[in-house]
Amino acid sequence: MGGAAATGAIVGATGGAAVAANIATAAAQTAAQLAAQTAVRQRSEPFFGSHQNGIELDLQSHTNFIALDLHAETNIRAFERWMNLLTDDISRLTAGVAALADPHPELALGPARLTVTVGFGPNFFTKLGLEKQRPESFQDLPAFKIDRLKEEFSGGDVLLHVSADDPLALSHALRSLIRDSVEFASVRWSQQGFSNAQGVVPTGVRQRNLMGQVDGTDNPEFASDDFNNLVWINDGPEWIQGGTTVVLRRIAMQLNTWDLLGRDAKEQVIGRNLENGAPLGGNAETDPIDFEARDARGLKVIPDFAHIRRASAANIGERIFRRPFNYEGTPAADGTPDVGLLWTSYQRSIEKQFLPIQRRLDQFDLLNKWTVPIGSAVFAIGGGLREGETFATRLLG
Amino acid sequence: MGLKKVLTTAISAAFILGSLTACAAPAESVDGHDEIHLADGWVRVSEYSAEAGGMTGAFAEISNHTANDVTLVGGSSASAMMVEVHEVVMVGGEMKMQAKDGGILIKAGETITLEPGGLHVMLMGLKAPLLGGETVELTLDFDGAEDITVQWPAKASLAGDESYEPKG
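Chains as they are written, first to last, in this note's numbering: chain A, 1 to 397; chain B, 1 to 168.
A portion of the hints provided could be inaccurate.
[What the hints assert, rightly or not] If you only want the chain B side, here are some residues facing chain A, beta carbon under 8 Å, derived:
(1) Trp42
(2) Gly125
(3) Lys127
(4) Leu131
(5) Gly132
(6) Pro153
(7) Ala156
[Claimed, not checked] If the Cβ cut is set under 10 Å, some of the chain B residues that face chain A in the computed set are:
(8) Phe59
(9) Ala67
(10) Gly118
(11) Glu134
(12) Trp152
[As the list claims (entries may be wrong)] Label pairs and their calculated CB-CB ranges:
(13) B/Glu137 / A/Pro46: 24 to 32 Å
(14) B/Gly144 / A/Glu238: 15 to 23 Å
(15) A/Ala35 / B/Lys107: 51 to 59 Å
(16) A/Ser50 / B/Asp143: 43 to 51 Å
(17) A/Leu261 / B/Leu158: 46 to 54 Å
(18) A/Arg77 / B/Glu146: 31 to 39 Å
(19) A/Ser44 / B/Gly92: 29 to 37 Å
(20) B/Leu158 / A/Gln29: 39 to 47 Å
If you're looking for bench data, these hints aren't it; they were derived computationally from the structure.
Here the structure is a predicted model, which is why all the values come from computation and not from measurement.
For each residue, glycine too, the CB sits at the ideal point set by N, CA and C.
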């Protein structure tokens, strides 16, 4: 058990030594300093639980969404064996322990808050003859006129969403997971993303996206009834109870044209200020939005087609939980950045909660001029696992 | 139908839990199985195990918590015709694997590691192709301790240094 043994060794080195008090104090101070220096590495997220991890928690600093497609010959029994391997790998890696047969266990640096969330796409149920396990109304999104979707960022039978506060821990975990997957599926795409490093923004402060906006305001609070009711499924097939659905959209940002706008114009497009994310007319990020407010000229403070007005829920049940990461690719020769959002929303029902909002944005949203969806995928995420279960247990039960 | 499913689930559960078990058995345990402790056991899936008649290696960490030296001398498995204890040695500039004369000695209090490129348990004459994620049941024979039966997962691993010479 690499990580645990290493920590134990550091403390134990000072433990049994019968040395002069000042030397012992110095050694203990070093151990404490070492512990402080590796604090980010030592934080872990539980694997077993009523919900899968990787959703109801603060963003990790690094993420990678991997989609895989089942090989034609992967049947139910093969899928079951695949999930045996993945479950064991994930339960080890999230505890900071190398997977079995890891040729480089010293690279299993974790845990560093590693989480791996497993989801299944619409075609997965068809391919494995599991139609009766398909969650209600779970299918691919309809096409939107703003979409410019690329195959290389869209679709997929199985999702492995891997995140961690350390990029090497993430990379090595992913290597173990993919190595154990290639017998059963091929890698369809990988979308890497990032948020702030640990120790940069105070806890609870929302990250900014690469357009400079505070991103994720008006989300349901963790551990609230609101979050529970909006996100965690509580009916339908047994395997999905305690689970959810995810929509992942790769949103490209046209930063060169966005930056032609003045600051006021940028704020009008969204309906929030850039300084702290407060709605226009408000002071704090969490101030309620006053859609009726008018300025001295009698014009609406929040324009008719501002993003937050268009995205606003028509009713209380029509809300989602968003957990966006930033992505960055290679700049073009002329310096045009390739950046944007790995935008995700989690909800009980894509049809009832996500689609109404997306249709309004597709119809009209000022922001559409500077953002383009270039990838889209949906996955059903099963409930959390109890010890002894795998990701296949309840699905095939 | 129900029984097979229960056994399959129990075996899968056993290997998932078993592979996480830390080697924490107290030396004064009265249960013989706790005195020799096996951790992180697995069986390799490779091109050599892809067909019936093939062969493969099993690896684990073995700790001897007893007061006496023990020797791993061999084993048996329903999945293979023969189970032997093997080592990897340098022969004429090449790494080759061969049966280990006298088995693997594990001194009292010692932990040894069976790993690719080193000591391992060899399963030969596989009854069926080995599939990733399946559970292999294996009984390890010790001189100086009781046999231990384990359920270990089969998983793919890129080859170690040894060459698998087919038996003549």
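Hints and how they fare:
| no. | hint | verdict |
| --- | --- | --- |
| 1 | Trp42 | holds (4 Å) |
| 2 | Gly125 | violated (22 Å) |
| 3 | Lys127 | violated (17 Å) |
| 4 | Leu131 | holds (6 Å) |
| 5 | Gly132 | holds (5 Å) |
| 6 | Pro153 | holds (6 Å) |
| 7 | Ala156 | holds (6 Å) |
| 8 | Phe59 | holds (7 Å) |
| 9 | Ala67 | violated (22 Å) |
| 10 | Gly118 | violated (13 Å) |
| 11 | Glu134 | holds (6 Å) |
| 12 | Trp152 | holds (9 Å) |
| 13 | B/Glu137 / A/Pro46: 24 to 32 Å | holds (31 Å) |
| 14 | B/Gly144 / A/Glu238: 15 to 23 Å | violated (49 Å) |
| 15 | A/Ala35 / B/Lys107: 51 to 59 Å | violated (34 Å) |
| 16 | A/Ser50 / B/Asp143: 43 to 51 Å | holds (48 Å) |
| 17 | A/Leu261 / B/Leu158: 46 to 54 Å | holds (52 Å) |
| 18 | A/Arg77 / B/Glu146: 31 to 39 Å | holds (34 Å) |
| 19 | A/Ser44 / B/Gly92: 29 to 37 Å | violated (48 Å) |
| 20 | B/Leu158 / A/Gln29: 39 to 47 Å | holds (43 Å) |
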